[in-house]
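Student: All chains, full assembly: derive it from the sequences and hints.
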Amino acid sequence: MAKQYISIIRLFDHSSIAYDTELNPSRIKKQLQAEFGFSFTGIIEIEGYTYNKADVFVELERLDFLQRMPYHVAVWENKSILIFLEDHIFNIHGIRPEMKPFETDPLFIEFLSPYLAIPFNNICRLCLNNADYADLVELLSCEDYLLPDEREEAFRAIRIFIDENISILRNLSEVTLKQSLPALKHWAVSRSGDFLNYLPDEFTAVKIDLVVHLVNFTVKIQHTNKKMCRAVSKELVKVLNLPPNLMNTVDNNDRAYQGKRISSGSKSGTGNYWWVVWVIFMLMRMLMKC
Amino acid sequence: MKPVNIGIDLGTTNSLLAKFENNNVRIFKNPVGQKETLASVVAFRKDRTLIGDKAREYLTKDPVNVFGGFKRKMGTDEKYYVVNLDENVTPVELSTLVLKELKTFLGPDESPEACVITIPASFDSMQSNATLKAGLNAGFKNVFLLQEPIAASLAFFNSTAEAKEKRDGYWLVYDFGGGTFDVALVNSTQNELKVVDHEGNNFLGGMDFDFAIINSILIPAIIAETRIENFEEELRVKYGKYEMLYYQLMYYAEEAKKELSQSPATVIEFCAVLDNKNYDFYIPINREAVDALFMPMVQETIKLLESIMQRNELSKKDINQIVLVGGTTYLPLVREQLVLQTGMPVDYSIDPTSSIATGAAWYASNKYYEHTAIATNPVNEQHAKDILSQVDFDPLELQVNISYNRSSRDTEEVLLIACSGDYENKYYRVTRTDGGFDTGFINLKAKKTEFLLLLPAIANSFSFAVYDDAKNEIVKLRKEIAILQGIYNIDGQPLPQDISIELDDPENKTTRLEVVFERNSLLPQKRTLYREISKTIKKGTDESIIINILEGERNSRPSSNLTIGCIEISGKDLKVDLVKGSDIEVQIEITESRTLNTNVFLVMTQQEFKHVFSVSEKQVNIPRLREQYLQLEHELVENIQEFQYNEHEIWEIRAAAFLEELQSFKNTLFKLKDHDLSDEKYIIAEKMMRISQEVDKLGGNERIATLIESYLNRKETVRAAIGAADFEKENLLQRYQKIEQSESSFMRSRNASVVENKLKQLNDLYWSALSNTTSFLIGKFIEFKGYNARDYNDHAMALSIMKMADAALENERYPEFRRQVFNLSNLLVRTNFHHNKEFKGTGIG
Chain X
1 MAKQYISIIR LFDHSSIAYD TELNPSRIKK QLQAEFGFSF TGIIEIEGYT
51 YNKADVFVEL ERLDFLQRMP YHVAVWENKS ILIFLEDHIF NIHGIRPEMK
101 PFETDPLFIE FLSPYLAIPF NNICRLCLNN ADYADLVELL SCEDYLLPDE
151 REEAFRAIRI FIDENISILR NLSEVTLKQS LPALKHWAVS RSGDFLNYLP
201 DEFTAVKIDL VVHLVNFTVK IQHTNKKMCR AVSKELVKVL NLPPNLMNTV
251 DNNDRAYQGK RISSGSKSGT GNYWWVVWVI FMLMRMLMKC
Chain S
1 MKPVNIGIDL GTTNSLLAKF ENNNVRIFKN PVGQKETLAS VVAFRKDRTL
51 IGDKAREYLT KDPVNVFGGF KRKMGTDEKY YVVNLDENVT PVELSTLVLK
101 ELKTFLGPDE SPEACVITIP ASFDSMQSNA TLKAGLNAGF KNVFLLQEPI
151 AASLAFFNST AEAKEKRDGY WLVYDFGGGT FDVALVNSTQ NELKVVDHEG
201 NNFLGGMDFD FAIINSILIP AIIAETRIEN FEEELRVKYG KYEMLYYQLM
251 YYAEEAKKEL SQSPATVIEF CAVLDNKNYD FYIPINREAV DALFMPMVQE
301 TIKLLESIMQ RNELSKKDIN QIVLVGGTTY LPLVREQLVL QTGMPVDYSI
351 DPTSSIATGA AWYASNKYYE HTAIATNPVN EQHAKDILSQ VDFDPLELQV
401 NISYNRSSRD TEEVLLIACS GDYENKYYRV TRTDGGFDTG FINLKAKKTE
451 FLLLLPAIAN SFSFAVYDDA KNEIVKLRKE IAILQGIYNI DGQPLPQDIS
501 IELDDPENKT TRLEVVFERN SLLPQKRTLY REISKTIKKG TDESIIINIL
551 EGERNSRPSS NLTIGCIEIS GKDLKVDLVK GSDIEVQIEI TESRTLNTNV
601 FLVMTQQEFK HVFSVSEKQV NIPRLREQYL QLEHELVENI QEFQYNEHEI
651 WEIRAAAFLE ELQSFKNTLF KLKDHDLSDE KYIIAEKMMR ISQEVDKLGG
701 NERIATLIES YLNRKETVRA AIGAADFEKE NLLQRYQKIE QSESSFMRSR
751 NASVVENKLK QLNDLYWSAL SNTTSFLIGK FIEFKGYNAR DYNDHAMALS
801 IMKMADAALE NERYPEFRRQ VFNLSNLLVR TNFHHNKEFK GTGIG
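Residue numbers (my numbering), protein chains in the order written: chain X, 1 to 290; chain S, 1 to 845.
Think of the hints as simulated: they come from the structure by calculation, not from any bench. Only true hints are included.
The calculated DSBU-like cross-link candidates involving lysine-lysine, where the alpha carbons are at most 35 Å apart (straight line), are:
1) Lys-141(S) x Lys-29(X)
2) Lys-538(S) x Lys-3(X)
3) Lys-79(X) x Lys-448(S)
4) Lys-729(S) x Lys-234(X)
5) Lys-509(S) x Lys-185(X)
6) Lys-79(X) x Lys-580(S)
7) Lys-535(S) x Lys-226(X)
8) Lys-185(X) x Lys-803(S)
9) Lys-673(S) x Lys-697(S)
10) Lys-785(S) x Lys-509(S)
11) Lys-445(S) x Lys-79(X)
12) Lys-479(S) x Lys-194(S)
13) Lys-61(S) x Lys-103(S)
14) Lys-572(S) x Lys-3(X)
15) Lys-785(S) x Lys-178(X)
16) Lys-580(S) x Lys-185(X)
17) Lys-29(X) x Lys-317(S)
18) Lys-3(X) x Lys-729(S)
19) Lys-535(S) x Lys-234(X)
20) Lys-316(S) x Lys-29(X)
21) Lys-538(S) x Lys-185(X)
22) Lys-738(S) x Lys-3(X)
23) Lys-178(X) x Lys-840(S)
24) Lys-3(X) x Lys-575(S)
25) Lys-185(X) x Lys-572(S)
26) Lys-738(S) x Lys-100(X)
27) Lys-509(S) x Lys-535(S)
28) Lys-509(S) x Lys-207(X)
Using C-beta positions, here's what the derived DEER-type ranges look like:
29) Ser-744(S) x Ile-89(X): 31 to 41 Å
30) Asn-24(S) x Pro-70(X): 41 to 51 Å
31) Leu-60(X) x Lys-303(S): 28 to 38 Å
32) Ile-46(X) x Asn-215(S): 51 to 61 Å
33) Val-603(S) x Ile-46(X): 14 to 24 Å
34) Lys-238(X) x Glu-694(S): 49 to 59 Å
35) Pro-182(X) x Val-829(S): 26 to 36 Å
36) Pro-106(X) x Val-829(S): 48 to 58 Å
37) Leu-60(X) x Asn-425(S): 29 to 39 Å
Facing chain X, a subset of chain S residues (Cβ under 10 Å, in silico):
38) Tyr-404
39) Glu-412
40) Lys-448
Idealized CB from N, CA, C, for every residue including glycine.
Tutor: Right, here's the structure in full:
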């Protein structure tokens, strides 16, 4: 079950409990019991982080507490991971290098996964709200650290986002089209196609469904909103692992949309192009003569 | 901080006060009459108020001015009319009087500031808060609540004679009191005691046995003698002509019940004037007859006991003993049936009457409270500065605080020392008074830990002394420490119900509950939830978001739960527009005494809303209530249709009656202004919650069994359908496994609505599986092709999709065919509109 991570190491530091030596969980429990005894409410707040006795003791009473302890220390020492788990702040440059050493450690993944789901989902939501696909793609590349039990919680925001978009796209009509455009403009944002590529396997079917609807959407707006149509299409061509016929449709449409741009451009532009070809042709002839 | 030390058992029939002193627990006696128990009865005479046994004696003489059994009405709107005073009194006021009377047991010189009051484990927050309020009104500045089974466990495990022989493992504490029943599963290890789970019924106790004697023996005997028509109905009428007799019968029934605990037969003899005629009643009763009456209630307690074992997957060989507590366990029938039916050893070595108070005092010995001026009268920052400026206070002055447990099962116990001020070059030393332990001089630091060695099975006394740089003792900082070795302590008390937050489920146009704190989590708890706003709220408008915190069964509908905290944030409270998708942080804290604190932070507007939900305050939001109403109404209509279809006539009649009752206040509810100040909303909310809970129970065990059977059958069909699915097999399987994982929990809930909800999920999954099966899709496609143009929102588009689908099918491009069929289905005109088209929800997703 997904849960919020608050580092136990901060509490140990606060209570002057050494964790670099051999640990005795029963003694630690007693020390912390006395520490909680100082608090009238039974809850300790350190630097704005809240510790309640029940949650702390659940961790201490785990049979594998001593095996988990090095991971608590590791998270404490890797601040990008720590702020990600505790504060839901995503340091795009820091987190992957910090997680890298643990990528083949199944015990670490087992430890991390329940704590990862909530911030993962929150940051996904934030990225989606801001159409920040660069961060989102980076975040999605950490999905291997999520175990099946936590994946639903972790991808909740993405699932809702896609479902909502499909729902909007399905209900597009002449009447609703104009008012729905602002809600769909993020598909015109750069790297939205990458976002679809980075979706985990469980999204494959829904991704295809979404692309189909987006294709239909571009068809609908090709004359009325050319700029958006081209931008969405440009992202759609980047989407991989689509059924071949769908991929063909996407490519053909895109060629048509981008082609329209060329044909609707100025004649001088076309003239310049032929002039370049003519120069190259002449240069090659001269070279061949030499 | 000072230890609380005082423990009070505020019982339905009797109350007691105990105190931890001189390393032991002492039950205080009533200075008048020297009895340990005080009857929880209050009598209002014209000139004075009587509390306790004296009041109880008036029950037969002046019953309309005497009140007992009010513990069962705590947290309700119930009021008792006192004829002699011509005014109403509440259960809280009556409990306050009992608590004040108990305080006098301590003598005139002692006026305790804090106490631990016990409550049944199944008390909801409203009932708990009402008890807390009674304690505060009785003059205690700090009141801590403790669940009765925990108190009983502490009393049992710390009973001196047997403490050493107690084994590790599971125990059941069976607490059958005067008005309530609780059973707790306790796990004892070498050093610890933990309440793992509990069950209870707040309306099952000795009083119900008395009512059974009245209803089945006394009333028929009176009717046989007097031949008065409608006597039974008249007897129950509040302020009716036989009201006095009713209270007298209650007294006689209780006395008879007590006598029958000792002897096989007894007689109830009394005179009464009924309809101006004198009667002498002589009603013999034997144990066999009452046992037959009591049996269903005893059976109910055993059922609860078994359900707790089943839930925790325990068999009788896993249980050491059943420990009996509470006055009703004196009944031979209870003891016999427990042995007979459970096959587990039963222990009644502790005094069932005083054990709760004793345990409360053990708990109180390790409970600390802060000085009243700080704890109950919070001062603002400026006021605090003003006070400090008047006090001669040196921030550098050395302050030393220590923390430790006053009882322990271990042979060592930790002492935590925390210093502030100037502690450089200062020392401390801890010595045991028998000289067997001495830390020597140790440098003081901001925080230090010492492990004190304890001698077994005695009170270990230590001295903690502080010394200056010349090793001279700073006498004012000396502290005495006493730790009782061999005594159990308890970490905390569990939450009796799930605490959830209501969130939107826009897809189904309804709301759902998300658990914040699980049932049996140890208190206190604090958690922050990160959610998003699911609708845009414009600044200055009446649109709002609602943070609704509920207590109850997590799987049931929100209206079956008790709202314990509700915050509404409207557009008028906002500094800027709150946009859909923006973040909301909801911090929820529930204290050991079950006070709820919430702190809502809107990230986008950077606004914070704090709220402490005060004692016994009811929380109702009218717009939310309306939506809950619609959901319940819709569900009832569906139930009635289902019962009609399956020919369950009786259930159908009952469901129809609930629907009628529900609809009887529909107009009032929908006419209420959103910020109505009257009590109407509370009355409606109360009625709705009751109906909702009744709907959960509709059809009883038979309906649950039917639903479970349907569920199990459906499971097989779904499994087969998933097996046959051609697309999304993995997703479907995951959904199936998720439902299956929660199976044991929802089946144990014994709640028809919960099982029904799971059955619906399974049905949805079944349709999802079918719609991912090519053969089914082909059938559907043929069906769609046969529809008329008016059946589609856009027929031209439908025709074009049909062409594409035909082509895909012909070329065996099944994924594409599936998509086209889905697209086609989306173009269909929907006739089955949801019951609540304008769903507003809570605004939090």
